[in-house]
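Colleague: Take a look at the letters that make up each chain.
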Amino acid sequence: MGKKEAPPTGTAAVKHSLTEKLKNENAALILLVIVSMIVFGITVPNFMTVGNIFNLLVQASTIGLPAIGLTFILITAGNDLSLPTNMACSAILGCAVMQKTQNTFLGVIAILAIAVCFGVINGFSVAKLKMVPMIVTLAIQTLNVGISEFYTQGTSVGGLPQSFYRIFSSSLFGVVPVSVIIFLLTAFVMHQILTKTVFGRELFQTGINEKAARVNGVNTTRILFVIYVIGGFMAGISGVLMAARLKAAGTSMGPVSAFNNIICACVLGGASVWGGKGTILGTLIGSIVMAIITNVMNLLNVNFFVTYVVKGIIIILVCYLDVLRNQEKER
Amino acid sequence: MKRKLAIVLSLAFVISAIAGCGSKEAPAAEAPAAEAPEAEADAPEPAEDSAPAGGKVLKVGVSWAHYNDALFYAWGDGMEQVLKDNCKDHGFDSVEWISLVAEDDASKQASDISDLVTQGCDVIISYPFDNQAITSSVQECKDAGIPIVLWDRNIAEGASPAPDLFVGLDTYNQAYEAGKVFFQEMIDAGETPTDIISIIGATNDNNALNRQKGFEDAAREFNLTIAQTVPSDWDSEKALTGFTAAFQAHPNCNTVLIASDFIVTAVQTVLESNDAWHVNGEDGHIWICSQDGFPTGCEFMQDGYMDCSGMYSVEGMCSDFSDAIFQIIDGSYAGEAELYSDPLIVSAKDIAGMSDLWGIKYAE
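Line by line, the protein sequences are chains R and D. Residue numbers for the first sequence follow the working numbering, beginning at 737 and rising by one. Residue numbers for the second sequence follow the working numbering, beginning at 3 and rising by one.
Just chain D, with the same shape it has in the complex (with noise of 0.2 Å):
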């Protein structure tokens, strides 16, 4: 008897928590119309406050890969604000924003976009974690006739079918560009890039394997070659055990490159255990050229430790993103299928008065 009440009682629990955990929106016939809340820049609210009280609504249904860094925050709210911002002039009251996460699990992520269709949403973005295994899932958008964006992952090459759009950055530009500016100011400074070092992201990332291509053939343009590639898959610790075996095996680096400047913290903690962590223009300086923009990486520019960043330009893809979305939601979209937004290639020396970066934004 103790037994089978305590399953009752612990399921009920549950179940009580769930539904106290769910939107609070009446429903929209019985409440009055009320203004969409201003989007908080600070905080992410993917349930509860954006819910419309009435009229037409546009239900906006997010997959996220994972939600655990800053950049899907800047993204997430990025893209919110614009919807709401513009909505009013595509006939829409209101947005209502359901936004999942899955646990980078591919099966998970198909699960959730399947809750996504069923829920009526007018359209779905997608982060996808498996650049393959998202094309299931762009598959039952279609077949259930609701619009797909892709968010910076595109499918895989040569997979179909198509997302009705994607929106991401340049990322072989980025960092060809980043790196072209980079290289230009070191020599500038009279420095001579020597055994430079590379970290990588994951190898089944597109944007990883584009920006060290795009690394690759701008130092190749400046006659150099990377002395060795330390992959990280995206995972700082990864990143710290690679990075510390290269630079013992490359004392006279004096060159960093890294993929995403969230790893940058790994390359900090193997400087300064080697006492080379110092800012551009001490003694011992190691130049470093990142990509993303995350706030640890503006932080580490303002004060003089990276000197070079290719950064998303959040706004860019938000505006591109918006200017389309609801061209495609009313089946008029003639443009693009692709959206890349151009990176913002940005130095140490001009950072102090850019406020407007999303790192900068998202720092506290």
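With the rest of the complex left out, here is chain R (with noise of 0.2 Å):
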């Protein structure tokens, strides 16, 4: 009889179970997808084409990143409404600094800067305040869309610098999207702070319980701000590469309604609306499930009125999904 591996303790237990319960809950979805790839691969005409794949991957990433910043959120029982809109108005005061000095790294990071800025107005609210994280992220919402409709009077910023476009919107040998790529280099290095770092632990400990984090030394403030301030990121990376994209940004890149797909990826990939739960590798996967749901129904010239109704039942079902998932938490 071999030696019964003693089961591990202390910090070492979290981090075991926490390991494991990743594994078991993505396999699901891995397989899933590998299933229905397979599946539409054959039923599909051009759904399996390295350009169809690609562009799958590419709007896999605009509702993915934002979804990357939703997951940290979720994980607190929090929420970010504002994400779209964020995206949309740091695009366009960032577009508006690139197109008066066309000088792209600065437009980058004003892109950036600007979409922070919004998450620490998120977070200062949230973490410091106390506000609740719903009305807070709805009047950032209507801040978002007051702003960018007061300085675009409803156009777009286009006439940004050729660079810009050259970098953000191209592709490494002529196939792979730099989208794509940076898509999933930021999914890695936020599934390395998810699982790998103390942050990453104490998170999910004040997702689970933010009073008994607190007694156990977390600082919970600290963690709650920062999410969103993530958030906020995630948003201004996303305004970047779908500015690179459409060759302009407007406030019709942002529109209230994507936040549907957001969070529906999100809690396909098994983050919780009631906190405590969620995964990158998840969310990744959840984004591109929305990808290709939207990409296959386009490809099978299913009715759009048929759509409103298939990711109506996708978004309840998902819902239903995640009370199954809270029950089985609360067992």
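Calculated from the structure, these hints are not laboratory results. There's no promise every hint is true.
[What the hints assert, rightly or not] Chain D regions said to be covered by chain R (calculated; three or more residues, Cβ under 8 Å):
hint : segment
1    : 110-116
2    : 292-304
[Stated by the list, open to error] Below, in silico cross-link-like pairs of lysine-lysine (BS3-like), each with a Cα-Cα straight-line distance of 30 Å or less:
hint : chain 1 : residue 1 : chain 2 : residue 2
3    : D       : K240      : R       : K1047
4    : R       : K836      : D       : K215
5    : D       : K144      : D       : K61
6    : R       : K836      : D       : K144
7    : D       : K61       : R       : K1047
8    : D       : K215      : D       : K61
9    : D       : K240      : D       : K363
Glycine residues also receive a C-beta, built at the ideal position from the N, C-alpha and C atoms.
The two chains are supplied separately, each in an independent frame; assemble them into the complex guided by the hints.
Modeller: The following block contains the structure:
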């Protein structure tokens, strides 16, 4: 009889159970993505082409980057309704800087800085002032829309330097879009932060039980503040990539309705609106699933009124999944 | 286990729902040739029924910014019908019509057009939401060697690359000509336009700006000025709020100019609440000139509440489109890159016998 390995204890136990959970929860989703890719590859014309796969990943990145930010926030049972409008607003103002200076570097920094600023406002309001996340971020959403509309007067900011497009909307070796590379790299880095750092562990502790985490010495105020800043930063990266893709920045690139897809990607990927759960890998796969659904419906020429119905059903199912997960967690 | 099962089942449900909703056409080589069905005037069937069964197929992809009112139905049906009517003369047996809606999201519209490129459409038509951002999709189509036509909204001034074709209405002329007819009729009826209120559309829409300029220039010809301009953002709710305030600020107003008559019900609500909603000929009638010729506008003109409209000639636009598109596809087109059809200027007194107007056809 072999020697039975003793179960890990203390911090190692938390880390071990976290890793196991990640593996289990994502395995079903990964399997489903693979199966659906094979099924759609056989049944849907033009689905399994190199061009369409990267097209699909580009579409996933527009959902996925803000969804990564939202995953951090959902883990604490928070919410950030301002992600799409923050993305549009920061892109508009940053692109205005870029247009006036014709300096790509300055413009990109401006987009990221402005997006982070809105994240700081959200974070400060939620963490320090103890304001309700949904209300604060709804207010910032309104602020974003107001600033964007006021500045652009409804038009888009174009005329950006060619170097901006060359860098951010080009493809590596003429095949892999830069936006996909940035998306995957960002996901990898954020996954490391969430799973391999003290911050990540403290974030989960805060999400599972904020009071207990505070008693255990976790600076929950700092955690709550930082996650909204991360959310803002993700919105900023998304704003940069989308402005490069559309060759312009306007209010139309961050409609309020885009939040549906973002939160669906997170919850589908295992995050819970009740907090304490969520993985970057899951969100990444959730984003891809959302992109696959839209892409396949387009390729199959599904009547667009039916697409609304399908999306509505998905949102209901995803909400129900979250309820099931939460019930299991409570047991 | 229950959780995993739920995930798999829910997504399997979605996948099966998608598969069940997809086009059911047989592969071209296996199925016998069938005649394209007659287009129905009252229903948009973007997917299944328009799919061909055999022969050389003209694959047309359409990306709409939105598809939320009767004008889009009229445009979609009209374009599809002229292509079906004329495809055989240009070497095609049938038309496959793929219609996608971007839900007023520029990013989704870019993705939709990428999906249409992936499907290998012979031509892509787009009614863009953002006239600057659409240039990236125009470039994508050009890179893929697929002709792209912009419908009703052209790219922003100074933006590039230009589409292969733009088909639209001369919206400045639409408002200018309608305004001139309208003001002349008012003056002929012994009325003096007073405290004119103009409800404009979205400020990012060239058509809205052109119409406002057209109305202003028409008013100027009669030495009139617009007392107040109300932005609506093409939203009836905003039009209602803005017009309520404007009408209170100008109680002597007897003239209202509207950028599109799909928001005329907002004007009706305000005028009714101020006891100012009367047919022409009654005391206290407020003179109204609008644009587009939506079913509601046509109905109000037939009833005498609205007085004049610069309407879309849907048939004219579709005819211009049909004349050019086959030549663009085979690379022989040498005509204008921008085709503007003339508006139909219709007065309330003339509308009784005009059953061909798109707004009357789509009233049901």
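Colleague: Would the pair K240/D and K1047/R pass a check requiring their Cα atoms to be no farther apart than 30 Å?
Modeller: holds, 28 Å
Colleague: K836/R and K215/D: Cα distance at most 30 Å?
Modeller: Roughly 29 Å separates the two Cα atoms, so the pair holds.
Colleague: Check whether the Cα positions of K836/R and K144/D lie no farther apart than 30 Å.
Modeller: holds, 28 Å
Colleague: So if I understand the rule, the pair passes when the alpha-carbon distance is 30 Å or less; does K215/D with K61/D pass?
Modeller: violated, 39 Å
Colleague: Checking C-beta pairs, does the segment 110-116 of chain D have three or more residues closer than 8 Å to chain R?
Modeller: As far as the segment 110-116 of chain D goes, the hint holds, because 5 residues have Cβ atoms under 8 Å from chain R.
Colleague: Just to be careful, I want the Cα atoms of K61/D and K1047/R compared with a cutoff of 30 Å; is the pair within it?
Modeller: holds, 26 Å
Colleague: Are there three or more residues in the segment 292-304 of chain D whose C-beta lies closer than 8 Å to some C-beta of chain R?
Modeller: It is violated, with 0 qualifying residues against the three required.
Colleague: K144/D and K61/D: Cα distance at most 30 Å?
Modeller: Satisfied, since the Cα-Cα distance of roughly 17 Å is no more than 30 Å.
Colleague: Is the hinted pair K240/D and K363/D satisfied, with a Cα-Cα distance of at most 30 Å?
Modeller: Distance of about 28 Å is within 30 Å: holds.
Hints 2, 8, counting from the list given before, are not met by this structure.
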